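As a plain string of letters, each chain reads:
Number of protein chains: 2
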Amino acid sequence: MLRTHTCGELSLEHVNQDVVLCGWVQRVRDKGGMIWLDLRDRYGITQLLFEEGKTPANVLETARSLGREFVISAKGAVIERLSKNDKIATGDIEIRVSELSILNPAKLPPFLIEDETDGGDDIRMKYRYLDLRRNTVRQNLQLRHQVARYTRAYLDNLNFIEVETPVLIKSTPEGARDFVVPSRMNPGEFYALPQSPQTFKQLLMVAGFDRYYQIVKCFRDEDLRADRQPEFTQIDCEMSFVTQEDVLNTFEGMIRELFAKVKNIDLPEVPRMTYADAMRLYGSDKPDIRFDMQFVELKGEDRDLTSGKGFGVFDDAGLVVGINATGCAAYTRKQVDELTDWIKRPQIGAKGLVYVRYNPDGSIKSSVDKFYTEEELKKWVEAFDAKPGDLLLILSGQGDKTRKQLNELRLEIGSRLGLRNPDEYRALWVIDFPLLEFGEEENRWFAMHHPFTSPKPEDIELLDKNLGLVRANAYDMVINGVEVGGGSVRIFEKELQRKMFEILGFSAEEAQEQFGFLMNAFEFGAPPHAGIAFGFDRLCSIFGGADSIRDFIAFPKNNSGRDVMIDSPSTISDGQLKELAIRVEGLNS
Amino acid sequence: MLRTHTCGELSLEHVNQDVVLCGWVQRVRDKGGMIWLDLRDRYGITQLLFEEGKTPANVLETARSLGREFVISAKGAVIERLSKNDKIATGDIEIRVSELSILNPAKLPPFLIEDETDGGDDIRMKYRYLDLRRNTVRQNLQLRHQVARYTRAYLDNLNFIEVETPVLIKSTPEGARDFVVPSRMNPGEFYALPQSPQTFKQLLMVAGFDRYYQIVKCFRDEDLRADRQPEFTQIDCEMSFVTQEDVLNTFEGMIRELFAKVKNIDLPEVPRMTYADAMRLYGSDKPDIRFDMQFVELKGEDRDLTSGKGFGVFDDAGLVVGINATGCAAYTRKQVDELTDWIKRPQIGAKGLVYVRYNPDGSIKSSVDKFYTEEELKKWVEAFDAKPGDLLLILSGQGDKTRKQLNELRLEIGSRLGLRNPDEYRALWVIDFPLLEFGEEENRWFAMHHPFTSPKPEDIELLDKNLGLVRANAYDMVINGVEVGGGSVRIFEKELQRKMFEILGFSAEEAQEQFGFLMNAFEFGAPPHAGIAFGFDRLCSIFGGADSIRDFIAFPKNNSGRDVMIDSPSTISDGQLKELAIRVEGLNS
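Protein chains in written order, with this note's numbering: chain R, 38 to 626; chain P, 38 to 626.
It is possible that part of the hints are untrue.
Since the list gives no way to pick one copy over another, a pair counts as held whenever it fits inside one copy or between any two copies.
[What the hints assert, rightly or not] Dumping the calculated DSS-like pairs for lysine-lysine here, alpha-carbon to alpha-carbon at most 25 Å: (1) Lys441 / Lys323; (2) Lys254 / Lys402; (3) Lys416 / Lys493; (4) Lys531 / Lys144; (5) Lys531 / Lys163; (6) Lys121 / Lys68; (7) Lys536 / Lys144; (8) Lys336 / Lys438; (9) Lys298 / Lys381; (10) Lys531 / Lys121; (11) Lys121 / Lys415; (12) Lys336 / Lys381.
In short, the hints are calculated from the structure, not lab data.
As the structure is a computational prediction, the values presented were derived from the model and not from experiment.
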């Protein structure tokens, strides 16, 4: 090795030893004949000392020629530091350098390689290899490695076997848009990159593999929102001879183990909530349950405390629903107006916000005092189980839309009240998702999870009666309001799978052409099976306490799907196009 | 869980327990009122017992309706077997079944699901999910999982960090043909799938990651030979601040650890041989050193024991070289003729074979007695250090071509003599590869390893004098004559890298356009670094004692790059093509 130690390991016990360190110049201070140099590598920082009169002249000269990010090798004796630095692990010692060589000089980096950098997103993406030198970014990837290690350890220990499934597969019409790969050996034909190894893991169950997992790259050619990447990584899992209960227990165990090992956190037990309850009580299929603030309906299926008092907005609404912003009675009119403006923004689109202030003195003040007596409002307050000092915030309108708006308001209020503590973690299973959802635009039913998801056995008869009511044995894991994983019990009978494709509007021929291999496989002895997949990038970002998955990916792409560092995608040669038997439309045609 | 135990775990200690097993029907014997059923899962086989009079009638009836590969669930009591079967782990017990249900029936499989199957390659590829049920195939994938686990454990323990590099990257002209992916968001532009993460791992070194690895899919759009796959897996590694020696030691350690853990074999120390010696002594850059039989030159650079005696073939040859087939003097004329025919086949293409038989009585008989005296032949025999009873097999012609032919002959003789024991493992480092090789057809120099490989420092001055003589700090690991991995010390200075691209015929603009990001990165403080990649599929096949990598891949493609199970590649819709702004030439244009 070119070094005897790393920059993170020397301490008082090494004093008087001769060592060789290699690394990058983080910082140089040259003052009163002394030079202190912070040398950095992946493991830490060690201070190098040069001193006029004591350090050989040529070494001093070399030291004075160094710039930030030069790669150097320094030999010297470990000595105790006069003024210790307890901010770094090696702060008790420094190296009195006797030999110094420049392994590679460096141009001045375009931004500061410090925890707090002056570089904007774009420049840091372009010089990603420099951004990766920063502690914060490197630590994210080290965390990612740890999450992968503990995931594998947990699953290996339960007899899961990691199997690599192919990347060059077949394009299917269901789901998101595929990335495709023209086949040179089969002109006019294309592979597709997998959106997930779904069918392969089911075939592995048919093959008797019993417990499969894979930490695997998946691909979706979607228009990129802020936090999507065209390639992303899943922890993909499948089990045979299990019920939904077994899957939930197994992977609740995994998540709890990861929190214990990676974060040293004992995650509370993971409650279960039906999709219907999640929507009714939180207006979301991924509620943040770090705080309660459940929805209360003033007008809905069960009761109506608002109609017929002359307030047309509520009279016309199908749903009047609100939350209790506990302890917020002191909100000023201005604050409530500001909340009203916030919720009327186009992104949320509420028409207005009704408030009821339950003053500490027991009096009630609302924005609809004109229409409702204090007694009537008192009933509202009771419905919310509110205490003096609370503030009710109420929306009205059409059911699902209004609930979604109220969900936004709830999260906002939760944030403002400091109820969404980033150091607190609460996981939740949302279960009993609807099997199907109706696409108004396409005028047909779509699988809410995917076409291989099994309806709940007790709902199968509804497949012939009311598709919208059929619930699936499908489940999502939600942590702090973020969906981190989801899965389902699968269909394993050919006939039911055939029926499912029929419901989704596939002709028998299309179903056979696209998924014939799977339906055929079901004829040769498919076991009952179920599975789940976790978004690995997302999971890492949760463990890392960050909002963006991009910081947990070594070389991410930007929102146009470009890697600006390597400048990809790019044009390819006419020769390549010709070999692949394709032409670019409108450019060279 | 639907079962209480697996089919591989019950033993005498479970006798009298009630258990539930799930699995596939392997075999049913129905005789004299007794039915024995072998139930199979991934963990083993357990015998189920049904008995007229004792087993409930409806259970008996169901049992009699079962066919091969039906998926069933059986409940019953564990009882001791009268006639034990020591071939299976559960052979001491059987299950007296009290409840039986068919979880899924099965059509008769198109081939036998047994260790020895009657299915040909094509049908087993089409029904891969059935082939994967066979013990031998499943065990290969379990072995693969173990190799991956121990690889990760070894590298994790040495502070290597696994980093995922992107799959959607940029097409580059050097190396094999790229698979490309049209970008919908950037019409007319394409991503490429990585042939290896080479540049990314080097950028990770620039980023200070210091020790990187990844078990990663790579892609090459090459015409497929028998044992190539368009997608394959590498153990990809890179280290900073190291010499070649450090890399060799680190990965020799890894391979030895894998042999110890996976095969329980203490691999002998791994010798090192220069490329020049490998070619001179074995005519191959991947010699099988399980046996010696090194080449001996009768006419070459150092001596000439053959010219001027009237044998024109040797007189005209640049090289006369042979091997000592030790102990083969008893080979009959017919056997030698057959060997001669073998080596004259077009695949090998030798013109002829000269033999010298050193008889046990000390006399010498050769096919060139006409031209050489016994005394002259005696000198040959001495050159080979042959003993009475040995047989010299000699080829002649142009240097490299002849050596390659003799390599084939050496391997064949080794096999015939039983010197290539599949249970014996000998690994070897081949080092000091040439940096460049000349492509006659293209009339230019090519990088023998890749364009990022560093010349040996002492050979750098030859870059301006004699490119063919420049050696690289490049190395291959060879096990039993199979190349399992290779790597090199990398160039880390921009100027040398620029020069290398120039030698490879890139214009400055081309080099900048294709690899500018890497050369730019080298300006910001690149550390000295080196790396290696192992062919993971190949390594698994070696551990599994098999010749083909295909058996160690869950869902391989055939020689036309097709997955015949899912029928991929396939055509895609006009809508998809249009969105991607491409057309298929000659089909819809």
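Now the hints, each set against the structure:
no.: 1; hint: Lys441 / Lys323; in the structure: within (11 Å within a copy, 65 Å between copies)
no.: 2; hint: Lys254 / Lys402; in the structure: neither (56 Å within a copy, 65 Å between copies)
no.: 3; hint: Lys416 / Lys493; in the structure: neither (39 Å within a copy, 87 Å between copies)
no.: 4; hint: Lys531 / Lys144; in the structure: between (64 Å within a copy, 12 Å between copies)
no.: 5; hint: Lys531 / Lys163; in the structure: between (50 Å within a copy, 18 Å between copies)
no.: 6; hint: Lys121 / Lys68; in the structure: within (18 Å within a copy, 86 Å between copies)
no.: 7; hint: Lys536 / Lys144; in the structure: between (65 Å within a copy, 20 Å between copies)
no.: 8; hint: Lys336 / Lys438; in the structure: within (15 Å within a copy, 90 Å between copies)
no.: 9; hint: Lys298 / Lys381; in the structure: neither (43 Å within a copy, 64 Å between copies)
no.: 10; hint: Lys531 / Lys121; in the structure: neither (71 Å within a copy, 39 Å between copies)
no.: 11; hint: Lys121 / Lys415; in the structure: neither (65 Å within a copy, 80 Å between copies)
no.: 12; hint: Lys336 / Lys381; in the structure: within (21 Å within a copy, 93 Å between copies)
Violated hints, listed in ascending order, are 2, 3, 9, 10 and 11; each of the other numbered hints is respected by the structure.
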